[in-house]
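Novice: Numbering follows this note's numbering, in which position 241 of the sequence shown is assigned residue number 424; successive positions increment by one, without gaps.
Errors might be hidden in some of the hints.
[To be verified] Quick list of in silico lysine-lysine cross-link-like pairs, DSS-like style, CA-CA up to 25 Å:
#, residue 1, residue 2
1, K488, K381
2, K505, K432
3, K228, K202
4, K337, K310
5, K327, K310
6, K337, K448
7, K337, K473
8, K383, K327
9, K488, K500
10, K439, K337
11, K223, K202
12, K294, K228
13, K489, K428
14, K489, K509
15, K392, K341
16, K310, K259
17, K428, K337
18, K428, K400
19, K294, K202
20, K381, K400
21, K327, K505
22, K509, K488
23, K439, K327
24, K327, K337
25, K488, K512
26, K493, K294
[Unchecked claim] Simulated restraints on C-beta separations:
#, residue 1, residue 2, range
27, E240, K488, 41 to 49 Å
28, I514, Q248, 45 to 53 Å
29, K473, S319, 46 to 54 Å
30, D455, D257, 28 to 36 Å
These are computed hints drawn from the structure, not numbers from a lab. Virtual Cβ for every residue (Gly too), placed ideally from N, Cα, C.
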Amino acid sequence: MYVTDIHFYVVKNFGMRLKDYQKIWGMYLCNTDQGAKILKPVYMKEGQIWFQHSTKEYLYKQGFQQCSRFYVSDQKTPYYVHDGQIYIMEDWREGEELDYTDFQSVQEVTKLLGSFHYHSKGMSPLKGSDPISYLSNFPYQMEKRIIELNHFRKRIYKHRRLSDFDLLFIRYYPYYYELAIESLTLLESTSCRALIQKLKQDQYVCHGKFIHHNLIKTEVDWWIQDFSYCSYHIPIYEFTSFVNKTMQKSEWDTEKALTMFEIYKPYIGYNDDLELLFLSLLLFPERFWKLCNQYYNQRRTHPAKKQVEKMQELVEKQEDHKEFLKSIKQILLE
């Protein structure tokens with residue numbers, strides 16, 4: 184069967200007629216008799232797709248409809264398997280990715296995230312799902328990351344020759360390590376532990392990759408795409424990651440961060456305790472740990488020079504970051 188014939192055949196099994204298509208980013212933008220659709224070959228277990236499908240269907244039933252749903256194939260599954268290859272099909276939404284420097288858009292997307300989390304609460308996966316959960320790892324993963332940072336430091340001193348990245352790590356390690364310890368101390372406080380336990384019991388689903396590429400402004404509204412990394416997690420953790428992403432592009436503006444928090448917190452509730460948990464997660468040097476982990480632990484997908492540039496960008500903003508945390512601590516703890 185020719186490649187073009189495969190696409191016509193697969194689309195037909197989703198109950199549509201393919202007119203023509205074009206390949207974009209490893210997917211196929213299909214012009215069908217039911218409008219523009221995305222046909223995507225995926226390389227994951229069927230149970231993972233069922234979990235994503237469960238999340239989307241639950242969100243729709245709860246009233247959140249700003250994401251694409253999987254089409255169900257003739258196989259009665261949210262995917263189609265042909266010659267061992269799994270395909271999924273979704274609606275295509277054209278629009279612009281989120282610009283972190285456009286704070287009006289950031290505020291709109293903050294509402295979107297809050298609504299997403301609120302409507303995901305209590306999601307029970309459909310039969311056949313392989314649920315992904317990080318609830319049991321939190322907040323222990325933060326302690327593990329602190330141990331890793333200390334381990335990186337010990338490894339460096341065994342190097343005969345220090346790289347540019349090693350030198351940056353040694354110079355700025357004390358600042359970020361101190362923040363990590365302060366973060367963990369707050370996370371282990373009685374009020375934070377109690378709130379974390381409540382959030383775990385609420386069974387929220389997080390998107391897992393809530394970044395600009397997956398946040399599309401259409402003619403109608405904001406749209407979330409790509410649920411490949413969705414999982415049960417603590418919602419405020421995902422929100423804090425989004426705040427940090429925005430702050431990196433906003434010169435660590437305290438007022439903007441607090442505005443985002445005020446927009447988000449009504450969706451979760453718990454008031455004062457949520458402020459303390461938010462602060463504890465803001466304190467943790469997530470990006471510093473991530474860059475170190477990529478450099479020392481993982482197979483490098485980028486040249487070492489690129490890693491050094493990213494670390495240099497981070498540490499150049501250290502004073503801004505320090506003032507940001509000082510200011511936000513005074514406000515949240517007052």
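Novice: So which hints don't hold here, by number, going up?
Specialist: Violated hints: 1, 3, 4, 5, 6, 10, 12, 14, 15, 17, 19, 20, 22, 23, 25, 26, 28, 29 and 30; rest satisfied.
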